[in-house]
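Using the working numbering, the letters of the sequence shown correspond one by one to residues 17 to 518.
Keep in mind the hints are simulated off the structure, nothing from the lab. Quick reminder that beta carbons are idealized off the backbone N, C-alpha and C, glycines included. Honestly, I wouldn't trust all of these hints.
[As the list claims (entries may be wrong)] Cβ-Cβ distance ranges computed for the label pairs, FRET-style:
| no. | residue 1 | residue 2 | range |
| --- | --- | --- | --- |
| 1 | Arg414 | Ala358 | 21 to 27 Å |
| 2 | Cys393 | Pro253 | 24 to 30 Å |
| 3 | Thr454 | Glu301 | 35 to 41 Å |
| 4 | Gly339 | Arg19 | 18 to 24 Å |
| 5 | Pro137 | Phe427 | 40 to 46 Å |
| 6 | Trp142 | Met109 | 38 to 44 Å |
| 7 | Glu230 | Glu471 | 56 to 62 Å |
| 8 | Pro389 | Glu237 | 51 to 57 Å |
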Amino acid sequence: MARRLHPFHGGLSLPTHKHEATADAIQPCPLPGTLVLSLLQHAGALAEPLVQAGDEVVAGQCIARVSHQRGAHLHAPAAGRVRSVEPRPLPGMAGIAAPHIVLDLDDGQAAPTPLPSRPLPALDPWTAPRQALLERIREAGVAGMGGAGFPTAEKLAVPRSVLVINGAECEPYVACDDRLIRENAVRVVQGSRLLQRIVGAEHVFIAVEDCMGEAAAALREALDQVQAPDLELALVPSRYPQGGERQLIQTLTGREVPRDGLPRDLGVLVHNVATAVAAWRAVTEGTPLCSRVVTVTGPGVARPGNFEVAIGTPVADLVEAAGGYTPRAARLVLGGPMMGHALPDDSFPITKSSLAVVVLGVENLRATAPELPCIRCGECASVCPARLLPQQLLWDVRAGALDRGREDGLFDCIECGCCDLACPSQIPLTQHFRHAKTALREAEREGAEARAARERHDAREARMRRLEAQQAERAAARKTALSSSDAVKAAIERARARKSDP
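Please take these sequences and the hints and turn them into a complete structure.
In structure tokens form, the structure reads like this:
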């Protein structure tokens, strides 16, 4: 009997444009001459480099670490020499840069990544202690591969009753998970069982969209082969943004994540299918996360497809592996066309959370009609899957009332872009919201730095006052001692005695 599903509010039915990318098997992308590895591959703390210019590294070597759980270690996908550690811009974050390790590779290495020179020892996924499994996933640098890039070990640290393995690939053009499932269904199932054991989930969903027929068939066969009756394959509607974490939870469970809450408040954990595979490989093979499957597609590339790509590969090399640009190429997007980031050039590198490179043609671009005033028609609210009032958020942002925007749900916006497509006034709502979030986060960061500086200053002032008080007390004590008559007489007598000595 099919599970009853619960549709989420809003959303859009969009053309998928996936056939071109899923027609062929995943191909290896040749290693470039140089990898550019961001030290911010994940949500959380910046990784600290363990190498410097001139250092030689081997494949699989840890080259950057985080000192606490909120982050993911970084490993060299191939052997080479570190050219530099330098700041470079981050995609979609205007004016914000992060350190990158620039690694010139040795010649003659296998693509997409050689086997690690020093792999971690394999663990038994069914008998190893839970903490050992968590530590292995952390040491292997596994981070979420479906979007935000949250460190996987951190998300797995808290037990949950429901685990959702997300293969609902709702963005147009993006098909990396579809192809990964078709070719690695057993690993997806085993990785799901591994994550289930770590978090102690009573129920596990593996969710794919109902248009992903071949992927669903591969999963059914794998479930039979592995004999995992407690894992449930769920076919969810092909409606954008069905793959969103909150929307998928609502569809499967009928429960909504509270506005100011998180999925863990409902006892639910969501992980991408690629993350499950990466965790399985880290545990059973000792392989750190050094590569991922990326879709390269769109009218602007000659041979669309899915590629196994070394982390740090510049977009230019990946497009070249797909046959290069066509004369129709008009816009380069890292990620999907709805939630991805338009790139100014193709020098940006692939990261652990890079799903796709989409090269749109002129025919894909919206007509550049002038932006008109908001008419308060409510179309944006009718399609918003987060049940927000985008027109009110726009008024907040334009008025500079960012704190009020926060109260109205600015950070609940998932930046899906549905409101942009629905707006008859051609207002780029998502762009406004992204900039506002960046401004708020930057203000919070500056405020935190200012508070820390003020605390350091106050602590120094208090320390100086204590020292001055101690010095004053000692000086007063000396003065009191010297001023006493007995002390004075004794001093005079000592002085006379020294003078009278022959």
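Between the beta carbons of Cys393 and Pro253, is the distance compatible with 24 to 30 Å? Holds - the Cβ-Cβ distance for Cys393 and Pro253, about 26 Å, lies within 24 to 30 Å.
Starting from the hint 18 to 24 Å, judge whether the C-beta atoms of Gly339 and Arg19 obey it. Given range 18 to 24 Å: violated, Cβ gap about 42 Å.
Between Pro137 and Phe427, is the Cβ distance one that fits in 40 to 46 Å? With Cβ atoms ~42 Å apart, the hint holds.
Given the hint of 56 to 62 Å, is the C-beta distance from Glu230 to Glu471 inside that range or not? holds, 58 Å
Range hint compliance [Cβ, Pro389 to Glu237, 51 to 57 Å]: Hint holds: Cβ distance 55 Å, inside 51 to 57 Å.
Lying within 35 to 41 Å: is that true of the beta-carbon distance Thr454 to Glu301? Hint holds: Cβ distance 38 Å, inside 35 to 41 Å.
So does Trp142 sit 38 to 44 Å from Met109, Cβ to Cβ? holds, 41 Å
Ala358 and Arg414 - C-beta distance against the hinted 21 to 27 Å: holds, 22 Å
Hint 4 from the list above is the single one not met by this structure.
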